[in-house]
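Chains as they are written, first to last, in the working numbering: chain Y, 1 to 286; chain D, 1 to 286; chain F, 1 to 286; chain X, 1 to 286.
What the hints contain is simulated information worked out from the structure, not anything from laboratory work.
Treat the hints with care, since some could be wrong.
It does not matter which identical chain is meant; a pair holds if it fits inside one copy or across any two.
[As the list claims (entries may be wrong)] Mimicking DSS-like on lysine-lysine, the simulated pairs with C-alpha atoms at most 27 Å apart in a straight line are: (1) Lys159 x Lys265; (2) Lys218 x Lys159; (3) Lys17 x Lys45; (4) Lys159 x Lys25; (5) Lys156 x Lys108; (6) Lys108 x Lys151; (7) Lys82 x Lys159; (8) Lys265 x Lys156; (9) Lys45 x Lys151; (10) Lys265 x Lys108; (11) Lys82 x Lys54; (12) Lys54 x Lys159; (13) Lys265 x Lys218; (14) Lys156 x Lys17; (15) Lys17 x Lys151; (16) Lys156 x Lys25; (17) Lys218 x Lys58; (18) Lys265 x Lys58.
The structure presented is a predicted model; accordingly, all values stated were derived computationally and were not measured.
Protein chains: 4
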Amino acid sequence: MKPQIQRVGLISRTDWKEALDLSLKLIECLGRGGLQVLLEPELAKSIGREGLAKPVEKMNVDLVITVGGDGTILRTCLSLPKPEPPILSINLGVRGFLAEVEPDDAFKALDEYLSGRLAVERRPRLASFIGEERLPDALNEVFVTAGAPAKLLHVKVRKNGVEVDECLADGIIIASQVGSTGYSLSAGGPVLDPELEAFVLTPVCALVPFRPIVFPSKSVLTIELIRPSRALVVIDGHYQREIDLGGPPLIVTKSEREARFVQFKRDFYERLRSRFLFRGRKLNEA
Amino acid sequence: MKPQIQRVGLISRTDWKEALDLSLKLIECLGRGGLQVLLEPELAKSIGREGLAKPVEKMNVDLVITVGGDGTILRTCLSLPKPEPPILSINLGVRGFLAEVEPDDAFKALDEYLSGRLAVERRPRLASFIGEERLPDALNEVFVTAGAPAKLLHVKVRKNGVEVDECLADGIIIASQVGSTGYSLSAGGPVLDPELEAFVLTPVCALVPFRPIVFPSKSVLTIELIRPSRALVVIDGHYQREIDLGGPPLIVTKSEREARFVQFKRDFYERLRSRFLFRGRKLNEA
Amino acid sequence: MKPQIQRVGLISRTDWKEALDLSLKLIECLGRGGLQVLLEPELAKSIGREGLAKPVEKMNVDLVITVGGDGTILRTCLSLPKPEPPILSINLGVRGFLAEVEPDDAFKALDEYLSGRLAVERRPRLASFIGEERLPDALNEVFVTAGAPAKLLHVKVRKNGVEVDECLADGIIIASQVGSTGYSLSAGGPVLDPELEAFVLTPVCALVPFRPIVFPSKSVLTIELIRPSRALVVIDGHYQREIDLGGPPLIVTKSEREARFVQFKRDFYERLRSRFLFRGRKLNEA
Amino acid sequence: MKPQIQRVGLISRTDWKEALDLSLKLIECLGRGGLQVLLEPELAKSIGREGLAKPVEKMNVDLVITVGGDGTILRTCLSLPKPEPPILSINLGVRGFLAEVEPDDAFKALDEYLSGRLAVERRPRLASFIGEERLPDALNEVFVTAGAPAKLLHVKVRKNGVEVDECLADGIIIASQVGSTGYSLSAGGPVLDPELEAFVLTPVCALVPFRPIVFPSKSVLTIELIRPSRALVVIDGHYQREIDLGGPPLIVTKSEREARFVQFKRDFYERLRSRFLFRGRKLNEA
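Just chain Y, same shape as in the assembly (with noise of 0.2 Å):
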């Protein structure tokens, strides 16, 4: 089914000339197909193209691109509009994990996905509350830290109100399938295959042995934080909050929102295999 596509949000880095390059290149190929552009202001401020600036989270479009590696997909995802458009990802980083599209494919996959040709694919991702207050979903992960280097956090985990464990350790990840592959990965948790409904918490430096466990995503689990009186909660590695100990705990399961990426190529499993390639690329592109 061809999607109705009338305007289109453009989001890059712009700290790389070849992502503005593209993003140039991007904005014209769309003009001429006489969709409508609009830019991040960052963005436009970069290309100087000032009058399509739109912050993302007020960008009332039918796609967006994204123009860098998965730090832009995921703060993309912190900011959008809601209901929330498709994201066609254009991958100019090494750890393109999320990324589907590498530059070369950018105006094949945008003229397939616009003439019907591609499908969308859903991404789980994780609700977070502290109290009353809803935080930004988590596409990645949800972690919990003490907020100062190599200061030990200490909380009490629940599953649907029964205690796990206690963690002592610099950190505490809950990563969604998606981002099971990233930063739980590095701190040692397993692999999530992308069609198990299920969320892994995993340690960082756990002081006291704590096993990742996986949990199925309609689970709810309850981070009460025991030390010390104040911790970070970092969603995707750009949203922070603090919690205080004795306020109301974190609370962390499946969202009701997932998100959706324009499917292009590769398999998770092609993905995983060139991921643990990625030490073979020149390690100052990552």
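With chain Y held as given, fit chains D, F and X onto it using these hints.
What follows is chains D, F and X alone, placed relative to chain Y:
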């Protein structure tokens, strides 16, 4: 609901006096209750009750009682008659992660079960196939190894026919939810929550980085041998079967037959926490 | 040989009543013995003895007593006056891996030391340099981090000028023999035997596989920042110093100044075994 | 200094045509240079030169050339005659961490060595004893295992007679500096710098947490069997010897006999970096 129990099978470690003593008391107690008792032949011989001997696989009983540690439960599960009776497991080992009932509670638990006051818990198992042949179901794990110390195994893993990755390691474990706290955990695998319908693939001493992967339990995994020319499949640490290069691959998926255990007391995470306290006990009881 | 002790410095946690009570008793005991006592200013204030206050770095004393856990010892070591007095450490924390003396033995240990019946043990430290500047010596570890949660650090490591490898991780630890049982252990590093003259480089949550490496203590390690533009050097969890991209690299090697501890009882492996028994104690005492 | 070379021993994999071809060319080249060549019997048979056959342990030669991977070097080292000749190793395996010379450089390296332009590098080995009996020295590692898949080993480890800890695991590795990049690394052990005089004790799949420990190479380790009643000592993956419960324990320390290798090119960390790039090559060459 009160279970209809007329015949009870008893399986016990025979190398611990404590286990034999408890077995004798259980036989007496069951007899007083008018129940017929059958004994595993080795146990029957050890306590001079050869008249009650019956191989486990031929025990036509309504309940099986095991006296010992997890090893006793695992080997019992490998040879239960069909349809399988539920198991009431009495823990005489330090590693009693599976075993439900401490020795002091044995008679109380038996009494409560016979009165219909204890639930029977179902635990998923793994089915394994080599070509047309079906191997015994695994309660804990299916382990593939080159079969000689320090010899490298090289396999290709597929999920539902699609390549996951190749693995070069001492061996590879496919562990059920129950088994996720056993050998797989020692090899670096995650814990799977009891409500998660999944199994986990965990390499042992991978030469090339290969991370544990958690699959939905309906997945069909294929393990294809690449090297050496012959490898060993070990189920629950007891059953062994060779596979050959060029022969049919090993196929592992969820079994349609679940094991049934009389549930006495502790919840999963309480057990898990005490599992990590294990070191506190005397190691030579292990 | 009986040590010549006239002045004693006392440093204590001030947030535990138990520590303050023991400090008061120690002051009284030392006074009865005709010794002059100096107190860290915060302690002096907490117990109303401001007249005895003296900053640690200006304490011209023959012995320092610490009351608290390993954290108290580490921050004391960072600010000892030169030449450094030996430390008698009384353990009021659960994690007392460094601390020698249990509270009940405090007066016995003090008495034995003053009578010349206890040895003083030397423990190697790490020296760090940024250009011409020398940072405080580390008893446990030098930790380099991007300084923000979930932000990636990218450094190049050299040994005696020769490239070892690049490292992409949350951070990188260089731990002394003493520190090998601390933060480095939580990050996956090995234990170094007390007789081994070595230190260990351990990454924290490496994105790209990078294994802990053990170097002879005479090695000169250079940590050159590649990304981000600014990173943080944290010594023994207390001292912090920024380093900048393009500025002089961090250099770490064995310090010529060893720390000196009054040795009371337990040998290293006895401590190590009880370190792993730690989980058995109540976690909230940690 | 030009080495005095008259006789050369040649050992090669015989299951790869490429290795046999290279061996034939080496024989021809050495013959033209007026050197006498001796062949390992299996190689001699494979290439129809039975007249040159001589068991490795009886080769009275001035140089040994190995053609193959690390496995070929390891089994050669286990059976070298005394006094041991230096080894020139040509790498025909993917895992050539020990092997120095790539096939294309074989004749250049041989020529340079014979002309006295290549240094001979010494590499420490481990000596093992069971009671009065001395086992062959290990270049890589001494491995103790229960000897059956998934069977638990329980040992007590002492250093210079003092208890280190008990270990419950699949097995336990004592690896030399050279071996620290081999099996020990796969089991989670650290890398030891080539200038570090040390060896490392690494458990394989420890049931109870037991971390790798690095000891000075002069340490004398005692491994005392607790369970099962019989275990297997495996040296460098090739030599096997049983030990029995109640019999003399296994003793491991630095050997007074170092192995000698002709050094051609790459430094240790260059090799280590390419070791981690390994995954990029075709796995089935491994």
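Verification of the hints:
{"no.": "1", "hint": "Lys159 x Lys265", "in the structure": "between (37 Å within a copy, 18 Å between copies)"}
{"no.": "2", "hint": "Lys218 x Lys159", "in the structure": "both (10 Å within a copy, 24 Å between copies)"}
{"no.": "3", "hint": "Lys17 x Lys45", "in the structure": "within (14 Å within a copy, 58 Å between copies)"}
{"no.": "4", "hint": "Lys159 x Lys25", "in the structure": "neither (49 Å within a copy, 40 Å between copies)"}
{"no.": "5", "hint": "Lys156 x Lys108", "in the structure": "neither (50 Å within a copy, 33 Å between copies)"}
{"no.": "6", "hint": "Lys108 x Lys151", "in the structure": "neither (48 Å within a copy, 33 Å between copies)"}
{"no.": "7", "hint": "Lys82 x Lys159", "in the structure": "neither (30 Å within a copy, 36 Å between copies)"}
{"no.": "8", "hint": "Lys265 x Lys156", "in the structure": "between (41 Å within a copy, 22 Å between copies)"}
{"no.": "9", "hint": "Lys45 x Lys151", "in the structure": "between (39 Å within a copy, 26 Å between copies)"}
{"no.": "10", "hint": "Lys265 x Lys108", "in the structure": "within (12 Å within a copy, 47 Å between copies)"}
{"no.": "11", "hint": "Lys82 x Lys54", "in the structure": "within (15 Å within a copy, 61 Å between copies)"}
{"no.": "12", "hint": "Lys54 x Lys159", "in the structure": "neither (41 Å within a copy, 44 Å between copies)"}
{"no.": "13", "hint": "Lys265 x Lys218", "in the structure": "between (29 Å within a copy, 25 Å between copies)"}
{"no.": "14", "hint": "Lys156 x Lys17", "in the structure": "between (46 Å within a copy, 25 Å between copies)"}
{"no.": "15", "hint": "Lys17 x Lys151", "in the structure": "between (38 Å within a copy, 23 Å between copies)"}
{"no.": "16", "hint": "Lys156 x Lys25", "in the structure": "neither (51 Å within a copy, 36 Å between copies)"}
{"no.": "17", "hint": "Lys218 x Lys58", "in the structure": "neither (31 Å within a copy, 42 Å between copies)"}
{"no.": "18", "hint": "Lys265 x Lys58", "in the structure": "neither (30 Å within a copy, 54 Å between copies)"}
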